[in-house]
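S.K.: Sequence:
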Amino acid sequence: MENERRFAALNTKIRVLKGNLLTDEDFIYFFDKKNVVEIAEYLKESTNYKVVLKDVNIKNIHRRDLEKLLKEYIVLQYKKLLYYFTDDYRKLFETIFIRYEIEDLKLHLRNLSRKEDINELNKFVESLKETIYYPVLKPYLTEEDRRLLFYMEMNLDRLYFSLLRKYSMGLNKKDSLLFREFLGKNIDLLNLEWIYRGIKFYKLIPEELINYTIQDGHEFKCKDIKSLCYSNERQFKEKVLNSKYSFLFDTKQDIDLYMERRIERYLYFQSLELLRKGKLDITVSLAYIHLLEYEVRDLFSTIEVIKYGLSFEEGKKYLIRRIEGSDDR
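Residue numbers for the sequence shown follow the working numbering, so the first one is 1455 and each next one is one higher.
Incorrect hints may appear among the rest.
[What the hints assert, rightly or not] Derived BS3-like pairs: lysine-lysine, alpha-carbon spacing no greater than 27 Å straight-line:
#1 LYS1675 - LYS1657
#2 LYS1592 - LYS1620
#3 LYS1533 - LYS1472
Source of the hints: derived by calculation from the structure; they are not laboratory data.
Please construct the entire structure, taking both the sequences and the accompanying hints into account.
M.R.: Take a look at the structure:
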């Protein structure tokens, strides 16, 4: 009963927040803009993003500045949800928020990796000495450049999912099962992406692939993961095509270019459905958090599309949301 009261109040709040999400029409409008300033003007004047833009001089805003403000908006919305959680539920949702910190870490690691300056990378990792990230990054500084970033990113993801598993154990039985199902689908798709990249681009041996996959997937258990890791590229694709995640390869679009977006689009529509059902459990909160994150990622993509002068038809392929005429997956 306490759980139902908690989620009744929270779901009411989320219905209000959902009304602030951008529409497909907003994104169609963005594609007509010429630069980041025009997008920022619209966000400030016509959307709820005005809460982080109200004191900003839009005329001088740069892409990085706007992206930082959009991330601040996510934080503000997220804090509105945390108010409703206590005890293990609060610990879990605070841990979910670590994802944004990890994504920033990955971005910085990629930038340092491109510079090919191992000393700068060493300094950065050492600066994390008092954090949870140091033990999972430090051992890989001796790896060859080609694989170093691959291993570091994989281990950051493994850390994140292990923390989520740990704190999900404190939820009530129903919410724990629902969360682990939602988490398991994320793990399935991340493992598939990692294994595919490991086979195709890094030529990793099966034992290495197995060692760095994440446990507790929803569809793929240990024996399934092992089978995938011992496959060549053709066999791997065939096995995935015979699974519920066939959309990753069942497409005429560029597989490598759009794989991450297909994964996000699958989870986006899963989240839309959970939000529509509106059950008095943890799923509505998870759905809203994902939809908000995907909205901001689509804003980042839209800014990039405009920067490079892509047409509407080409640019909408990079969005997670499906706008009329974009490919089905």
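S.K.: None of the hints should be skipped; say for each whether it holds.
M.R.: A quick look at each hint next to the structure:
no.	hint	verdict
1	LYS1675 - LYS1657	holds (23 Å)
2	LYS1592 - LYS1620	holds (23 Å)
3	LYS1533 - LYS1472	holds (15 Å)
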